[in-house]
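Model the placement of chain F on the given structure of chain A, informed by the hints.
There are 2 protein chains.
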Amino acid sequence: MNQDVKTLLAAFLCDVWNDGDVAAAARYIAPRYKVHHDPGDPWDGQELDLAGYQERVRVSRAPFPDQRFDIVRMVAEDDAVAPTWHWTGTHLGDLPGFPASGRLIRMSGITLYDVAAGRLAGHWQMIDRLGVYRQLRGG
Amino acid sequence: MNQDVKTLLAAFLCDVWNDGDVAAAARYIAPRYKVHHDPGDPWDGQELDLAGYQERVRVSRAPFPDQRFDIVRMVAEDDAVAPTWHWTGTHLGDLPGFPASGRLIRMSGITLYDVAAGRLAGHWQMIDRLGVYRQLRGG
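For the record, the sequence lines run as chains A and F.
Each residue of the first sequence is one higher than the one before, counting from 1296 in the numbering used here.
Each residue of the second sequence is one higher than the one before, counting from 1296 in the numbering used here.
No lab work stands behind these hints, which were simulated from the structure alone.
We put the beta carbon where it would ideally sit given N, CA and C, even for glycine.
Some hints here could point you the wrong way.
Claimed, not checked - Distance ranges between label pairs, derived from CB positions: (1) Asp-1316/F to Pro-1326/A: 45 to 55 Å; (2) Glu-1342/A to Arg-1363/F: 25 to 35 Å; (3) Thr-1385/F to Glu-1372/A: 32 to 42 Å.
Chain A extracted, bound-state conformation (with noise of 0.2 Å):
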């Protein structure tokens, strides 16, 4: 059972974010989809229907369209899995105060999904924020 939540999660990385593939996210996203905690994300706090994960997809894609999540391990029980992962993207969009550059911009971070009837139904994510704003401004 932790396999398949595992398969799930890496399928879900692949089809919708690494392809960006937003139709996908029908296959993978629970009706009701709550952003529990996600510190400068956009969405913190709000619960989603599919038509809104979408867009949070489209949204947050749109200044890194070659964004690439790449998973180091998981750990899973039946309700939840929590991924650790790197991501690159060339910043090829603007974002608020930092026009698009060019440049390929490292990250990582670590989500713990929640898991329902074989869809996602939230997460708690936390980035390194402060890495990715020191390669956007350059220094």
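Chain F alone, transformed into the frame defined by chain A:
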């Protein structure tokens, strides 16, 4: 078994990090402890023996002697446990660039600990460094 791992982790955070009982680390820490990934931590990437881990606890706790981790949720397998957590600490000791301010600092994070033979053998951690810096600056 997963419950044992969660009980171990909760007791470790309480005894060693919240209470500052550095000697108690001997009950929880494996002979070799690897800091796999912990951006901003002075021991990031290092392998520590027990004395090295105890030194990390002492140095890290000194600026925030009343610090406290509160676990939000844990996901565990036999060989790993990942807690999400909130942290508070009063800034009573100097940090590089930030003299003691008396401010109550709030932080959140996620950690994935390796577990081997009933001991903690390493971690991959992500904390909200940017949020902490903003609070230390008093901005």
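Consistency of the hints with the structure:
no., hint, result
1, Asp-1316/F to Pro-1326/A: 45 to 55 Å, "holds, 46 Å"
2, Glu-1342/A to Arg-1363/F: 25 to 35 Å, "holds, 29 Å"
3, Thr-1385/F to Glu-1372/A: 32 to 42 Å, "holds, 35 Å"
Going through the hint list in order, the structure satisfies each hint without exception.
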